[in-house]
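Peer 1: Sequences listed follow chains A and B, in order.
For what it's worth, my numbering labels the leading residue of the first sequence as 1, then goes sequentially.
For what it's worth, my numbering labels the leading residue of the second sequence as 1, then goes sequentially.
FYI, nobody ran anything at the bench for these hints, they're computed from the structure.
Mixed in with the good hints, there may be bad ones.
Straight-line C-alpha distance at most 30 Å; calculated DSS-like pairs for lysine-lysine [what the hints assert, rightly or not]:
id : chain 1 : residue 1 : chain 2 : residue 2
1  : A       : K255      : B       : K107
2  : B       : K58       : A       : K15
3  : A       : K220      : B       : K12
4  : A       : K15       : A       : K71
5  : A       : K15       : B       : K21
6  : B       : K21       : B       : K58
7  : B       : K58       : A       : K245
8  : A       : K245      : B       : K12
9  : A       : K71       : A       : K168
10 : A       : K104      : A       : K168
11 : A       : K218      : A       : K255
12 : A       : K220      : A       : K132
13 : A       : K245      : A       : K255
14 : A       : K255      : B       : K108
15 : A       : K110      : A       : K214
16 : A       : K13       : A       : K214
17 : A       : K245      : A       : K15
18 : A       : K220      : A       : K255
19 : A       : K255      : A       : K13
20 : A       : K132      : A       : K214
21 : A       : K132      : A       : K104
22 : B       : K58       : A       : K255
23 : A       : K13       : B       : K21
24 : B       : K11       : A       : K13
25 : A       : K245      : B       : K21
26 : B       : K108      : B       : K58
27 : A       : K104      : A       : K71
28 : A       : K245      : A       : K214
29 : A       : K168      : A       : K132
30 : A       : K71       : A       : K13
31 : A       : K255      : B       : K21
32 : A       : K255      : A       : K132
33 : B       : K11       : B       : K21
34 : A       : K255      : A       : K15
Covered by chain B, according to a simulated footprint, are these stretches of chain A (three or more residues, beta-carbon under 8 Å) [claimed, not checked]:
id : stretch
35 : 51-64
36 : 150-163
A virtual CB, placed ideally from N, CA and C, is assigned to each residue, including glycine.
The residues making up each chain are set out below.
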Amino acid sequence: MNAVFPIRVLEEKSKYDFAGLLRAHGIELPPVSIDTLQVNITKLCNQVCRHCHVDASPSRTEKLSPAGVAKCLEILERHPQIANLDITGGAPELHPGFDAFVEKAVALGKHVMVRHNLTVQLDGNPQTGENKEYLPGFFARNGVEVISSLPYYQEFFTDAQRGSGVFKKSIEAMQRLNREGFGVAGSGLVLNLVYNPVGAYLPAAQAGLEADYKRELKDKFGLVFNGLYTITNMPINRFRLHLEKSGQYEAYMEKLLAAFNPAAAAGVMCRSLISVGHDGRIYDCDFNQMLEMDAVDGRGRPLSIFDFDFDRALARRIRFDDHCLGCTAGAGSSCGGATA
Amino acid sequence: MSNYYESEDLKKFGDIGQHAKALADDFFRYYANVTGTDGALSKREKALIALAVSHAQKCPYCIDAYTTQCLETGANPEQMMEAVHVAAVMQAGITLVHSVQMQNHLKKLVL
């Protein structure tokens with residue numbers, strides 16, 4: 001029997017109400033700039049990491065169209081204030097237009113960052129078999145900043161998170177990058193590493209952990225790198241599923257909530273970048289992108305690269321949800337590491 | 001409640017302030033000053049000591065809490081297991097060193 005009276009569905013407020021938390025602390029977080037265009041160009045990846053917020057894998061097929069790549073380049077060209085292009089995925093190097101995208105952005109004078117998972121150098125493209133061993137030389141010729149995940153300086157944690165054998169391959173790939181000059185003092189070629197916890201806990205202090213990484217990787221493998229970024233695991237997608245299946249979701253969220261740091265909140269990355277998805281839609285960050293929380297302008301219209309307007313994007317109201325607690329816990333977390 | 005040492009009870013640690021708030025406040029201030037800051041010892045070194053003591057004292061709450069704290073201060077499983085071995089070997093040594101007392105008494109009793 002159909003309901004006679006209309007049912008008014010009340011949206012239940014989350015117990016981890018991030019926006020309410022900001023209000024309680026008197027914190028406003030409007031965008032301050034758009035200095036970085038972060039583009040997630042493909043969900044295809046040679047790895048299947050247990051914490052991956054993108055749910056990337058060798059079977060994914062989503063990728064930014066040639067028109068989308070061209071539009072991103074046009075936006076970069078038209079807006080000198082967007083100084084950085086941050087290319088991510090998946091393994092972004094598996095996108096068929098990756099090399100040209102990098103070369104054209106470099107030709108525009110942009111600082112290009114590539115979120116490089118290291119192992120793709122050795123694994124190649126899982127769908128086409130294309131060899132990717134040329135990447136260190138390609139990165140060097142274009143002077144890109146290489147940013148690579150290495151969850152720990154030991155095999156145990158790294159393989160637990162990223163798959164069996166990943167640590168050994170990552171070390172070999174780093175050696176190849178070092179040989180090209182990445183991370184080597186005076187070369188001008190930058191290799192930064194990313195640490196994130198291998199489970200439901202917060203990252204250690206960035207400076208101390210960076211010193212440990214530098215000492216251990218140098219002593220054991222002769223490796224060098226520039227800086228270490230500590231990043232908190234976001235309670236979304238694959239990692240959230242793990243938390244729920246292992247009965248740790250509530251405890252992890254309570255940990256993030258208890259560690260809320262107003263100073264870290266002020267430095268959240270969504271205030272200075274926009275994130276572009278494989279279909280050209282724009283988001284406040286890569287996490288909102290994976291949750292399909294489109295960035296919207298003041299009139300609630302979704303933003304897209306295909307009708308991009310800088311002022312409209314800068315005037316947007318950043319969308320927050322429970323997962324944002326991950327960026328504001330402890331010393332904070334962003335694509336560039338700790339924020340406080 | 002049907003069991004001792006429910007893991008959920010760890011969250012109630014702050015409740016020790018019931019009926020004795022001033023003393024609990026003193027304790028938690030002292031606790032935070034000792035364990036929550038880098039001093040002559042780093043937070044990581046303190047976490048590893050606390051993990052060892054947790055095992056020696058057989059406190060499941062503390063083992064959970066300091067396993068997490070060790071990870072959150074950048075310690076690795078090798079360091080954590082070595083810390084537990086320090087606790088174990090100290091307890092073994094403490095047991096064995098008491099055999100000196102046994103030997104002393106043995107010498108006194110035996111012709």
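Peer 1: Which constraints among the numbered hints does this structure fail? Numbers only, ascending.
Peer 2: 1, 2, 3, 4, 9, 10, 11, 14, 16, 18, 23, 25, 26, 28, 30, 32, 35
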